[in-house]
Amino acid sequence: MARVTVDGKVVEVPNDANALEACRAAGVDVPHFCYHPRLSIVGQCRMCMVEVEGVPKIQASCTVPVRDGMVIKASTEKALAARNATMEFLLINHPLDCPICDQAGECKLQDNAVGAGLPVSRTSEPRRQFPGYDRTPIGPHVIADMTRCIQCTRCIRFCAEITETGELAFVERAGHTFVWTHEGRALDNDLSACTADVCPVGALTTKEFRFRKRVWWLDKTRSVCDGCEIGCNMSIEHRDRVVYRFLPRVQAGVNDFWMCDYGRFRSEDLNRQDFTVPEIRVASSDARKQTNWGEALDAVKVAVDRARNEGENIASKGRVLVLGSARLTTEENWLLKALFEDSLKVGTPEFVVDEGPKRRIRNKVDGWIYGTEAAANSRGAEAAGLKHTREGDASALSLLLSKKSSSSSSSSSSSSSSIPAVLYIADAAFTERANDPNFVSALRQASVLIVHARVKNALTDAADIVLPAAPLSGKEGTFVNVKGRVQRVDMAIVSAPIVRTDLEILLHLGGRWGVFDTQWTARDVFEKMQASVAGYADLDWDSDAVVGNPPSISPAAAYDVLGLDRNPDVEVFPRPSVAAPDRRS
Amino acid sequence: MSGLSPIEPVLLARRGKPDSASIQTYLADGGYTSWKKVLGGAKSGEWTPAKVTDLVKASGLRGRGGAGFPCGMKWTFVPSKEKRGDKPVYLLCNADESEPGTFKDRLLMETDPHQVLEGMMLASFALDVKHAYLYIRGEMVHATEVLNKAVAEAYAKGFLGKDVLGSGLDLDITIHRGAGAYICGEETALIESLEGKRGHPRIKPPFPAVWGVWGCPTVVNNVETLCCVKHILDRGANWFKSIGRNEKNTGPKLYCVSGHVEKPGVYEAPIGVPWETLLAMAGGVKGGRKLKAVIPGGASAPILTAKEIENLPMDFDGVAAAKSMLGSAAIIVMDETTDIPKAVTNIAKFFAHESCGQCTPCREGTPWLHKMLKRIVNGEGKKTDLDLLLQIAGQMGNGMTICVFADAAIAPVLSGVTKFREEFEAYIAKSNHPNFALAAPEDVTNKVAERTAAGIH
Numbered sequence: 001m002a003r004v005t006v007d008g009k010v011v012e013v014p015n016d017a018n019a020l021e022a023c024r025a026a027g028v029d030v031p032h033f034c035y036h037p038r039l040s041i042v043g044q045c046r047m048c049m050v051e052v053e054g055v056p057k058i059q060a061s062c063t064v065p066v067r068d069g070m071v072i073k074a075s076t077e078k079a080l081a082a083r084n085a086t087m088e089f090l091l092i093n094h095p096l097d098c099p100i101c102d103q104a105g106e107c108k109l110q111d112n113a114v115g116a117g118l119p120v121s122r123t124s125e126p127r128r129q130f131p132g133y134d135r136t137p138i139g140p141h142v143i144a145d146m147t148r149c150i151q152c153t154r155c156i157r158f159c160a161e162i163t164e165t166g167e168l169a170f171v172e173r174a175g176h177t178f179v180w181t182h183e184g185r186a187l188d189n190d191l192s193a194c195t196a197d198v199c200p201v202g203a204l205t206t207k208e209f210r211f212r213k214r215v216w217w218l219d220k221t222r223s224v225c226d227g228c229e230i231g232c233n234m235s236i237e238h239r240d241r242v243v244y245r246f247l248p249r250v251q252a253g254v255n256d257f258w259m260c261d262y263g264r265f266r267s268e269d270l271n272r273q274d275f276t277v278p279e280i281r282v283a284s285s286d287a288r289k290q291t292n293w294g295e296a297l298d299a300v301k302v303a304v305d306r307a308r309n310e311g312e313n314i315a316s317k318g319r320v321l322v323l324g325s326a327r328l329t330t331e332e333n334w335l336l337k338a339l340f341e342d343s344l345k346v347g348t349p350e351f352v353v354d355e356g357p358k359r360r361i362r363n364k365v366d367g368w369i370y371g372t373e374a375a376a377n378s379r380g381a382e383a384a385g386l387k388h389t390r391e392g393d394a395s396a397l398s399l400l401l402s403k404k405s406s407s408s409s410s411s412s413s414s415s416s417s418s419i420p421a422v423l424y425i426a427d428a429a430f431t432e433r434a435n436d437p438n439f440v441s442a443l444r445q446a447s448v449l450i451v452h453a454r455v456k457n458a459l460t461d462a463a464d465i466v467l468p469a470a471p472l473s474g475k476e477g478t479f480v481n482v483k484g485r486v487q488r489v490d491m492a493i494v495s496a497p498i499v500r501t502d503l504e505i506l507l508h509l510g511g512r513w514g515v516f517d518t519q520w521t522a523r524d525v526f527e528k529m530q531a532s533v534a535g536y537a538d539l540d541w542d543s544d545a546v547v548g549n550p551p552s553i554s555p556a557a558a559y560d561v562l563g564l565d566r567n568p569d570v571e572v573f574p575r576p577s578v579a580a581p582d583r584r585s
Numbered sequence: 001m002s003g004l005s006p007i008e009p010v011l012l013a014r015r016g017k018p019d020s021a022s023i024q025t026y027l028a029d030g031g032y033t034s035w036k037k038v039l040g041g042a043k044s045g046e047w048t049p050a051k052v053t054d055l056v057k058a059s060g061l062r063g064r065g066g067a068g069f070p071c072g073m074k075w076t077f078v079p080s081k082e083k084r085g086d087k088p089v090y091l092l093c094n095a096d097e098s099e100p101g102t103f104k105d106r107l108l109m110e111t112d113p114h115q116v117l118e119g120m121m122l123a124s125f126a127l128d129v130k131h132a133y134l135y136i137r138g139e140m141v142h143a144t145e146v147l148n149k150a151v152a153e154a155y156a157k158g159f160l161g162k163d164v165l166g167s168g169l170d171l172d173i174t175i176h177r178g179a180g181a182y183i184c185g186e187e188t189a190l191i192e193s194l195e196g197k198r199g200h201p202r203i204k205p206p207f208p209a210v211w212g213v214w215g216c217p218t219v220v221n222n223v224e225t226l227c228c229v230k231h232i233l234d235r236g237a238n239w240f241k242s243i244g245r246n247e248k249n250t251g252p253k254l255y256c257v258s259g260h261v262e263k264p265g266v267y268e269a270p271i272g273v274p275w276e277t278l279l280a281m282a283g284g285v286k287g288g289r290k291l292k293a294v295i296p297g298g299a300s301a302p303i304l305t306a307k308e309i310e311n312l313p314m315d316f317d318g319v320a321a322a323k324s325m326l327g328s329a330a331i332i333v334m335d336e337t338t339d340i341p342k343a344v345t346n347i348a349k350f351f352a353h354e355s356c357g358q359c360t361p362c363r364e365g366t367p368w369l370h371k372m373l374k375r376i377v378n379g380e381g382k383k384t385d386l387d388l389l390l391q392i393a394g395q396m397g398n399g400m401t402i403c404v405f406a407d408a409a410i411a412p413v414l415s416g417v418t419k420f421r422e423e424f425e426a427y428i429a430k431s432n433h434p435n436f437a438l439a440a441p442e443d444v445t446n447k448v449a450e451r452t453a454a455g456i457h
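Protein chains in written order, with this note's numbering: chain U, 1 to 585; chain H, 1 to 457.
In isolation and in its complexed conformation, chain H is listed as follows (with noise of 0.2 Å):
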């Protein structure tokens, strides 16, 4: 059996059922099964933190949330007891989905919330940790009742508090709601917006791990990392193993796919999956009109033409190999009638105004970008723009700013504007700007040379 084949829904499979939230159905439909089982051996030595641990690192599970990070190494990198000394460990669950085309973990904390407790209570047991936090987006204001009910409730029912199940391990958890900003969804900045601070992203290292939530080591796992660990633990490493493309891509995985398709929403199959399943899925594309582009991993990653997509297993090595990046999984389909220019412009004012304002290259580079291309669209592009645009973006990203927003905001930009360039050029043929005929702009590279050769810096 391919680990493509179509497979019973596993994260969604309580989607739908009446009351899925409420303990009740889930402890009915064998809930909380694994957090008795390990919290049940974990006296005995049955069930230790190593081989939670080992479990999740051999299903080969890597994070949900964009970067594609195995889980089970990030776990692996919290210092020992011994090391960390006093300081607890803290469990950072990232319900900041702020991406563009992104709404999966919105729907796994509406629909099914005990899921992702559950596996936060096996990540926790499996880090040694007291207390775990739920950084949930301040928009998602149902998601976040629904989540403090689940949390009530699995309180009640002892599943969370002092001695869990007479395990004596102890273990709280907060939900914590965040004020809506994007870049909190980044895990130092979610960290300091935890700590009541203004969500500016960290310096690395040190990285969360061993810097994390006030000073502690933290690991930052997404929604549906964690709930994926509840399924590892249930059902095994081997089985989550055997969905999936290949040994580095494994389990199921949702894709939001949204756009012009004619069944947008959230849909679960084995990663890896091809570009071309993943859209019959979805009902293929909108008025079944031909397809343009596709922006695989959410506004951040670079746009792909229908062309570079073709037959693309939809997982992050495959995605990654056409230079883009599976992200968050959040595919936004572009038919033949969408605009690139104005998507483009839109997503740069995105980010134009989400960048946290720390450092230069972003806080001054993003309005700049959105400025230049909202001319571009209104009708007041130069020439020079298109060039000048690549050049901006291109001294923006690549270690130019402490997090990786300004790499994601010029991704979609220099995508667009290279792969759809005679999209902007019609723009610009329409220019009416008064500096329509400005010749190409001044090679700065050069300039830079000669007055580093002539030693002037």
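Pulled out of the complex, with its shape left as it was, chain U reads as follows (with noise of 0.2 Å):
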């Protein structure tokens, strides 16, 4: 460690760090464009000027390697009009067209010209222009538009040394320098929106963003990507019940300042809500009425007893079987297994996992690490003691599935045993195959069918009962990430009036034998499973590391709350000073 004195305060930060960490370090704000903490040093943007004593020459902090002893002096009158200057220079080219861009409220350009900028612009001169090289789709799904572009060659960094695919370049020399993707090629990696959040400015926006909302009115939620296992911490950004853009948010073991364009881009699907009233099959006909959640639960229930009390007395028929998902929270399973087998004694709830397209994201800690499931959950499920049911295992829904041909005219016993009379699905969309006619088939054998959904699928068609169930914006609760982390998911948006979550939904059926309390929320179950769930025992609801860091400021800003996080394994985040809101009151 060296110790360092920053305008008379002392510090002391790991050897290799340099100055400007150094003055984050000790609270003093050095406005910069260029510096990333998981970028090489360039040094080029000349924002983060500050003296260095002992150097007579003013000095771009990021370039300046700390030492023992080293005082920084970074609030004098030259450090300040070093840092005017560069804004100065800046802006002169910079079309200032913030009324129509996508990155203002969030733009590094605007915080620091606040910061450090002139309060007058001495330039006449024509400002330059890229024609052609605007409001261009690079990529699929980013838009460069070279005139707000400073220069900082952040995206070039991200594309040549985290992803490793190079697209991006300079092109051209001097004061007509721009980026642009090398001849031929598209910008077109799986984390290619990642460029648009090291943008410090609105040069790379993504398509999917472009002009939907100015971020100042974006509400923040912390939340996990459920994309698949890797759970990348995220922001769901939205306002009034609408889900706008994911942003990724810093995790430093997990997908540090990442996030892959596949995940982030499935915001647009949370808006969606086919179910918003539960619906129940009228007898002997063909189509489903809707109805209310107390008619609509305590049909569940009557079908539920009605088959544990079957399965009594006759041998057919007589099962229930409970299909759980990865794609729900670990309390949402445990309220499965708690209900259906601790309670109901109908057998171990099952789940099936989809293999999904691979998927990767880079962090300093691992590299690169990789998610293969199509779903954020597996592990959690696992632990809250569900049965993973894989291809070729015995179990009641691989029988249920082997039995989808012989079904209609076998009748005997040993057949038809396997087959449920109720079978309770508490996600519609578990896997891909819910939209096979013949997985589905398979499927409806049971006597009644009932499922949690919020997308109209094959499966959904086929249901009994469907109970309209919130998407992950507006659940609570923990997901458990393929490196085994427990991460929080916070409720974003209160979903559609009587949409319930599948928290809410199960509390309320088990409220309906005694077993569970409706008034519990995802925390009360979380600190319930604490004793039977691996891995949970330690665990606090409210702790960072369940937590995660808050919501970035802006995009760009991002590690501005990570302190000096050299070393990932310590906890060096600060704790937002306003407290979380506690939901339970």
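Worth flagging that the hints you see were computed from the coordinates, not collected in a lab. Any given hint could turn out to be false.
Unchecked claim - Using 20 Å as the maximum straight-line C-alpha spacing, the simulated PhoX-like pairs for lysine-lysine come out as follows:
#1 K342(H) / K290(H)
#2 K248(H) / K57(U)
#3 K323(H) / K248(H)
#4 K290(H) / K57(U)
Make one complex out of these two single chains by using the hints.
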């Protein structure tokens, strides 16, 4: 460690830190553009100018390695004048089109213009333009507008150093320098939208979010991506019950500063809510009618109870099969188990996980980490006590699926005994095959088919009772990621009227047998299941490890919440000064 | 005998001789004797790298590329074998001669390439280099051809390659042609360019002597410097020291005199020769007109007025004392007919075009200066422009950028506007700019102070 004095304050920083990081550690805000803690140092924006004692010339602090006893003067007249100068140079050619720029509100250029810029403009020359290189898509997700670019090269370095795909480069020279893809290439890699995150200005924006919402109107809620089991920390950005975008939330041990395009652009899907009211099949009819929760849940109870009673008396058709899901939170899966296995004794709930395309994310601790499942929480579901049914396993679900062809004709007891009277599916989209008619007809062999559903698919079409469930943005709970890390999801928006979260549905259902208290929150369930769920025993619902970092004020400034994060194993994150709201009260 | 008395040409001794670029004539004139001598004494220990380095150090040779850094001292910055481990050392001959007004290296390479190669060989011996590169400016097509031929000849004669002249030492020389960017003459940009990247100067430290080509210790020397090394090995350090104005400025120097003189060209003289002598060598100011100004060291050197350059010793320290720099000794002479604002605008255009685009102040500042100057000479200047020019130029240099390009770019503007302000004002007086009557620019420095005092920052 090196002891460094910044504006009279002494701080200890690692020996490989630079003067800019020392300033930040000392709480001295040194504005900057090109510096990023996960990208190489280029020192070319010349914004972070400071004076270093003993060095006659002014220095770009990010390029100055610290040494023991170094004295940095970050707020001298000379340093401030140098930053004024850099801001002036950056602004003489910037279009200042903030009113139509998506970055406005989370723009480092705006922030630094206020914090370190001049109060006057002294230029009267025409501004530089890049005809043909403005408002142009350079990849499937990213739109480039080079008139706004400040040539900090963060995006170039991101593609060169993080994804190692190197699509972007500087073109031309001098005042005409701009960033573009190499001839004939597109900015098309699995993390391409992160270039818009690292872009401190509005030069790179994402097509999906462009012109959709002014960012200062967006509320931010901590969440975890459920696209695969990596579990990238993200913030759901929403307003008036509409989700507008996902942004990565810094988590050194998981997704660092990044998020893959697949996960990021799942955001739009959260706005879809096909089922807003419980539906129940009218006896001896093909149609379902809309109903209320009381009727729907009573019907579920009646069906389950009948199946249980029949099961005691008659050998055939005597079973209830419960399917959990790797897409549900651990709390929800645990409720399934607590209700159906522990209380009603109808057997262990099962779940299956789809193999998804291989996803990956990169962090400084592990390098690349990979996710191969199409759901976020198979580890949590397993920890909650559900049976993970894989292909070829002997299980009630496998038997059911294998009986598909013979079910209609066969009447032998051995065959029918494997067909449950009630099939309770806590997530209608638990597998891709829920859209496959063969698969659905196999499940449909059950006398009563009950599903929680948000989005219509073949399975919901076949179901007898559909219970409308909230999307990720409307629920609370925890996921267990690929590294075994328990991560909390917060509720971003209250779902449409009378849509309930899976947790609430299960609590109310359990309440009908007197098993659960319907007033429990996700946190209560979390605390109740700690005794029995592996890996949860020592966790605290509100601990930093579970909650993660707060959403950043602006993506480009995301790392400002990090402090001096050189060793990701050490929790150095300052807690936000405003306490998280207690949802139980 | 004064060190400044006229000398027989040393570096240019073979200029004008028939077929001077071929190895036969070079050998006939006693070429490669030092290389043979050094290699011959290498096994017996008579010649060691340290001995060559000490000789160069003792000669007081200063780098001829522009900065005038002592050559021998630069060589000693290379980490010792114990410190650098397996890393090879590279020698990089900087032949990216692009400073406006400079044309000495091209002459050396075109007329006497083997002199350059022998200098490189001797430096390679001193630095334990196994592979030396010569980075030549892209536009110098002829010189590249000459050098390539010379390298092939040297290989054929066994002066290069494996086990050179039976000494057990290997040495390869590669001629690398650049793509014609001025900034690639900056040593770290040159290294980046040689590596195949964009010519962006690197952050220093680490300096190339520690972290150069492909992360290995690298010494970058100018063509003329390496030629001097050859002659130091030929004739000794004392001979070299006997030439020149004083202890710190030694040896013969090539001066590129251009502009309003009767006989523009490259002249060889002892370093530190008085300005008047040099001017006389070039035949005096053209047409007998009056001298107005001189740029003593290429476009990046501050302009000197006729009065300032009177009796000035033309060496590194002499010109620096006049607050300019000798640089690559590209002396651009301007007589009384010269329109200084137009000349400054022209230079500003060059720098606005050649900035590498890396650092904000340089990338944005150089075109800004050029736009303003262009406006002034086009008759659209404002009264406020000159002060603004000085202020803008003043906030570009002195540590604001990674390399010294910005300092070079502002030097002619600052010196031109300060020393010939009345000429700029004459342009502005004739201006028909609508905002001609604008008041003086706001004093921003006070605003900064006020905001600082108010704790706004």
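Status of the hints after comparison with the structure:
1. K342(H) / K290(H): Distance of about 19 Å is within 20 Å: holds.
2. K248(H) / K57(U): This hinted pair is violated, its Cα atoms lying about 26 Å apart.
3. K323(H) / K248(H): Measuring from Cα to Cα gives roughly 18 Å; hence the hint holds.
4. K290(H) / K57(U): 39 Å, violated
Checked against the numbered hints listed earlier, the structure breaks hints 2, 4; every other hint is satisfied.
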